[in-house]
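Take 166 as the starting number for the sequence shown in my numbering and just add one per residue.
Quick caveat, the hints were computed from the structure, so don't treat them as lab data. Don't take each hint at face value.
[As the list claims (entries may be wrong)] With a cut-off of at most 25 Å between alpha-carbon atoms, the simulated BS3-like pairs for lysine-lysine come out as follows:
#1 Lys476 - Lys453
#2 Lys497 - Lys511
#3 Lys458 - Lys511
#4 Lys419 - Lys203
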Amino acid sequence: MRKIVILGAGYAGLEVARSLGRVLGRTGSAHILLVNDKEYHVFTTELHKVAAGTAEPADVTASLADLLDETGVELIVDRVEGIDPERRAVELAGGTVLAYDRLVVALGSTTEYWGIPGLRERSLSLNGLEGATAIRERVREVVQRAEEAGRQAHIVIGGGGLTGVELAGELAFRLAKGHRITVVELAPNLLVGQPERLSREAERILAQMGVTIRTGVGLNAVDEDTVLLSSGERMDYDVLLWAGGVRGNPIVAKAFPADTRDRAIVDSWMRSEAYPDVYIVGDAAAAKDADGKPVAPTAQAALAQAEVVVKHILYAGVQEEQAVAPYSGRSKGVLVSIGPKQGLGKIGAFGGSGRVWKLLKDANDIRYHLRIGARNGRTRRRETHARPNTESGRHDRAHTA
166 MRKIVILGAG
176 YAGLEVARSL
186 GRVLGRTGSA
196 HILLVNDKEY
206 HVFTTELHKV
216 AAGTAEPADV
226 TASLADLLDE
236 TGVELIVDRV
246 EGIDPERRAV
256 ELAGGTVLAY
266 DRLVVALGST
276 TEYWGIPGLR
286 ERSLSLNGLE
296 GATAIRERVR
306 EVVQRAEEAG
316 RQAHIVIGGG
326 GLTGVELAGE
336 LAFRLAKGHR
346 ITVVELAPNL
356 LVGQPERLSR
366 EAERILAQMG
376 VTIRTGVGLN
386 AVDEDTVLLS
396 SGERMDYDVL
406 LWAGGVRGNP
416 IVAKAFPADT
426 RDRAIVDSWM
436 RSEAYPDVYI
446 VGDAAAAKDA
456 DGKPVAPTAQ
466 AALAQAEVVV
476 KHILYAGVQE
486 EQAVAPYSGR
496 SKGVLVSIGP
506 KQGLGKIGAF
516 GGSGRVWKLL
526 KDANDIRYHL
536 RIGARNGRTR
546 RRETHARPNT
556 ESGRHDRAHT
566 A
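Using the sequences and the hints, build the whole thing.
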């Protein structure tokens, strides 16, 4: 029986696991294992709400055991320590070594700090649920301290892309102009890579919410309570939130040929350049569109890549390159929330901003929840499928916060 191992249960990894499970796992045609370091799936595109305190962690998570129910996929809760593609083996933190016939790597990304002195040590980033909750607690702490001292807290957000804009909007709504929020973006406008109209609308909406926008200026260094801008100016801050980019996973970059930002080099079917039995998807891959241009690491891209991988595995041995269309990198559009009441976006030839675009963003999130069978409310512990890391003497607990 073929053994298919999937590493990571983000958007891409979960999609591959559920899709293959319904076809191969449930029928016993393949042994499918999904390895993830947590017992829950995270709705990463909604983490800014947890960071701002407008949503709870349980609102943006779903039990993997529930999501994998009746798929025939075995869940292993453990951390990946290394991958040996020559031996076709994956080493887990608990000491287990998994052999595979096909491997799907969806281990996500890490924060890119660009070598800026002091940035890694003195900033918080929205990288995972832990990052979001850390931001929420730090913001709450500095706001309380500032109010006790009779002054405004200053929250600086480095990076004005999708993450930075959504985080700024949610925080601005939460704090209701009672404190200062500044977005610093090196590019001449927010939302680089998006239509200019959306950039202007993002700046306008954030400005109306009391957010200060500083474009065309970057961070050169970070001290304990000030940042040195590329303009030579020093800016004070109470908390610095970094949303200035991501890079690939170092475990993946160590095992497979990768680019200068640790993203694995893949072909048009998301296979490793050097190992055709390994697929690499999502933020861990240096995916390109049909024109050879880099594809931004988004949930939309991850899901599209997962679909290609699933079809390629299902057609294995029957001229899969002819039967399966390569990954195109084509975007269906973009939807951005700016606080709970405002949004902007572009779908096809249509674009704009306002309440309707926020509703479209919310509807898109709900559609994804329904797609994977997620339920509203807190995740619940299930014994079905999950194999905890017993080799290391610990049992990872389901997230119930």
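Item checked: Violated hints, by number in ascending order, as checked against the structure -> none
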